[in-house]
Amino acid sequence: MGEVFWVGGRVAVRHLDRDSRRGLLLVSPTAIYAILLLAVPLSAVVLFSFWTQDFLTVDRTLTLANYREAIAEPLFRVLMLRSLTISAVVTAVTVILAFPVAYYVSFHVRPDRKALWIFLITIPFWTSYLVRVFLWKVILGFNGVLNTSLQGIGLIDEPLTFILYNANAVVITLAHAFAPFAILPIFVSLEKIDRSLLEASMDLGENRVTTFLRVTLPLAMPGVVAAVLIVFIPTVGDYVTPRLVGGPDGLMIANMIQTQFLRLNNAPMGATLAIIAMALVTVVSLIFVGLNRRYLRGQKR
Amino acid sequence: MSSDKALISLRDVDKFYGDYHALRDVSLDIFPGEFFSLLGPSGCGKTTLLRTIAGFEDVSSGTLSIGGQDMAGVAANRRPTNMVFQSYAIFPHLTVAENVGFGLRRSNYSRGERHARVSDALEMVGLGGYGKRAAHALSGGQRQRVALARALILKPKVLLLDEPLSALDKKLREQMQVELIRLQRQVGITFVLVTHDQEEALIMSDRIAVMFEGRIAQLEEPEALYQRPGSRQVAEFIGVMNFLGAHVISNEGNALELDVAGLGHAVIGRDQCPGGPVSGMCHVGIRPETMTLLFEDRGDGPVADGVVDEVVYYGDMTYYDIKLDGVPKPITLSMKNMIGRPVLDIGTRTKVGWDPRALVAFS
Amino acid sequence: MSGPRKPRGLTVYAIAYLIFLYAPIILLPMFAFNASTIIAFPLQGFTTEWFVRLTGVQALHTAVRTSLFIAVVSAILATILGMCAARAGTRYEFPGKGGILGLIMLPLVLPEIIVAVSLLVVVVQILQFPLSAWTVIMAHTLICTPFCIAILNSSFQNLDASLEEAAIDLGESRWNAFRLVTLPLVTPGIIASLLISFTISLDEFIIAFFLTGSEPTLPVYIWGLLRFPQQLPVVMALGTILVALSILLLIVAEYFRRRGVRRAGKTETGGFL
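Residue numbers (numbering that gives the first Met the number 0), protein chains in the order written: chain D, 0 to 300; chain B, 0 to 362; chain Y, 0 to 272.
Source of the hints: derived by calculation from the structure; they are not laboratory data. Please note that a few of the clues may not be correct.
[Said to hold, decoys possible] Covered stretches of chain Y, going by a simulated chain B footprint (3 or more residues, C-beta under 8 Å):
1) 158 to 164
2) 180 to 192
3) 242 to 248
[As the list claims (entries may be wrong)] Which residues of chain Y face chain D? A few of them, derived with a C-beta cut under 7 Å, are:
4) P23
5) P110
6) S117
[What the hints assert, rightly or not] Far from chain D, some chain Y residues (derived; all Cβ distances over 12 Å):
7) F68
8) Q124
9) S172
The C-beta atom is built at its ideal place from N, Cα and C for all residues, glycine as well.
Between the sequences and the hints, there should be enough to build the whole structure, so can you do that?
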């Protein structure tokens, strides 16, 4: 079977061998499914963002009106900026808090116990997200678990109010929800480090701290980068957490997207906001990957 | 040799992976009952050739026939070949007996016959009574025996072995080499072995095809291959060979008169130019074990002078690097260690005895 | 070689972190059995009233049935699609492999609201189909497939490619070689994949929230309850059951996944992801 496909901008006709054909055939059901239910719908969202809502009908003339409105409208700008900021803070907090745990499990837990630790870390992630987020509301509330406990042991006199119905609550809750996402990639990259490299570094005169900084950390960076992306990207679009614990000052862009789609029945504007959010996330992610380029070199897939 | 008697016959076989030319114009015949080896460094195409015979790879061009039948379009499961894989590919979820009897599933044997055949096959490879064991609990050597039994139970015309001994340690490997030879004589099936270990190929094979970069460089019996390698590349791959510069003084009849750097004047037969006719400037190869250090100045053959440059003691042998007078690059020679024979120190002046019959000349 | 030195500080930190991770899950049963409609300390006494109440709510039972149906169908579809992709990805090289697998794995990092919104646009705005359990199944299959692939990849990767070749060499057809050799060896991975996608689908809220029709899934039903403070203890009871069920499923899934890895004769320390 001959097939025509693009290689480096040139049309190349290449004879596909038996394995290539089998591979393509085998992957095709999944690929077609992903194209029909992911690539096509995403393209539809892009298309929709150039249409406009005209009361009950959608005006199908291509226009940038939505984008102009989205940029001009202060509320959208605030929500967009807040989403990115909250996500960035969540990512930083989550990854910084997670690194020592990943390091501990990789370097200081007996090999036969590592799987158990990783399992324990992943369990909370698989338990009802909705209920988990709601429980943070219970923990952080005015009469919540945290306040009553702190008052009980006499650490504070008045309940803390800065921990619920604002961005802080969103950060705490999301940092909890995405913990395993941050720990696992870092753990995997730490596990890959050849332990004799650390011995070599010590042998060459470095101490534990400088060995960590000059050998362990640079080698763990691919995992850290993966952790940052895998936390940052989905959190920007989180809906449940801001809605339940964010209060009016903690709402994020996903809440507005939902409002546009399901409340205001303005699908084109919802699509536009979704596209802008995705574009911003992509740009931030690419910049981040670019900054860490040197750590990612020589990484095999 | 006529190809109509051949069991496996390849003609002008080429194999491409994309742009990579894995097999180049390979033609060869393998005869019934032969122990045939494909020898070469990794990436030379020997495994590709074996997998082509097995039916796991297509040929890009050329023909392959087994037992006189063209194999084009014949899938691996319909070919009269069975294979022992490099990893042995023992099914980990089955017992030893289930592994060995795997290929009998589609036969018409009764349960009892099947059982008897599996027992016989296990007995043959020295694993009698192991049938009920779980396959994943076997040692490397035992896995290899199971793989052999599993392939031989189907009585194939050809048994293909892909580096079957490379995963074993040295002692076990040497033991299995002898057992494989014994087994091959016992069952009379044609064995085709892929190996990168020249010693293994020399020990086990009736004939050896040496491969480089997808091509067959030389196809010979082991002794001829070792003593009369067809090219410098083959000579260097098989055993150790020293090379010295030389030039042809005269070239008359069946004899060649050479002046060899460090050794001096030599007359060799035309059969000592296995790579083809030689003239003018050339290279002369000589194996380490064909030379001797002359401890007391005796000996009837030609003698060369030199200085000991390096000494490596191997227990049964000692290898000396000798700088022959007038030759900057040292040559290697080996001496059997005997009681009362001293090991020379570095820097000692010595005489080297050599035999012109051991020389091979390449242009 | 001396064993790794255990720094006390790091150990304490790791344990504190685990407590942080488990805090909500530990609190859940406390309030589920608490004899008060207010979700706060101090606890008021033990009751099973909230669990009893669960048995009487018809809407809840419908939601559970809807969710179970969606989760079972999604798990089966996602596992089948995952098997195709995992086997193709681990066994074969083909043009465009990176891009194709990248697209298939994309839902792993895509915010779920984007998946929800894009499918909503296509189904409602463009195709003008009515929303139903099937639209949720379509989306859940999409987001579960990457997880299935991740699990099945490790099953297929640990498999020596020459095992199937050996079966073919011994006379079996390509399909029989897969059925007799590969399938038994990856069965634990398939079971783990089914259980994980079942769990994901059962818990998933935002996509179901956007795409569910007149019959809400369980999380969408719970979301509705969260607005009524007097219903909260019932939510706690329901949540306790869900968490217990999830943990049970995960332990079973992990057991099968590890057994699969062991069968292929390998040891490893990785988790699900």
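Here is what the structure says about each hint:
Counting residues of the stretch 158 to 164 of chain Y whose beta carbon lies closer than 8 Å to any beta carbon of chain B gives 4, which meets the minimum of three for the stated coverage. With 3 residues carrying a beta carbon less than 8 Å from a beta carbon of chain B, the stretch 180 to 192 of chain Y meets the three-residue requirement, and the given coverage holds. Counting residues of the stretch 242 to 248 of chain Y whose CB falls under 8 Å from any CB of chain B gives 0; the rule of at least 3 is not met. Interface restraint check for P23 (chain Y): the shortest CB-CB distance to chain D comes to about 4 Å, inside 7 Å, so the restraint holds.
Below 7 Å, beta-carbon pairs count as interface contacts, and P110 (chain Y) has one with chain D at about 2 Å; its hint therefore holds. For S117 (chain Y), the suggested interface contact is upheld, since its CB lies about 4 Å from the closest CB of chain D, less than 7 Å. No beta-carbon of chain D comes within 12 Å of the beta-carbon of F68 (chain Y); the shortest separation is about 18 Å. For Q124 (chain Y), the condition that its CB be more than 12 Å from all CB atoms of chain D is violated, with the nearest at approximately 6 Å.
In this structure S172 (chain Y) is separated from chain D by more than 12 Å, as the shortest Cβ-Cβ distance comes to about 14 Å.
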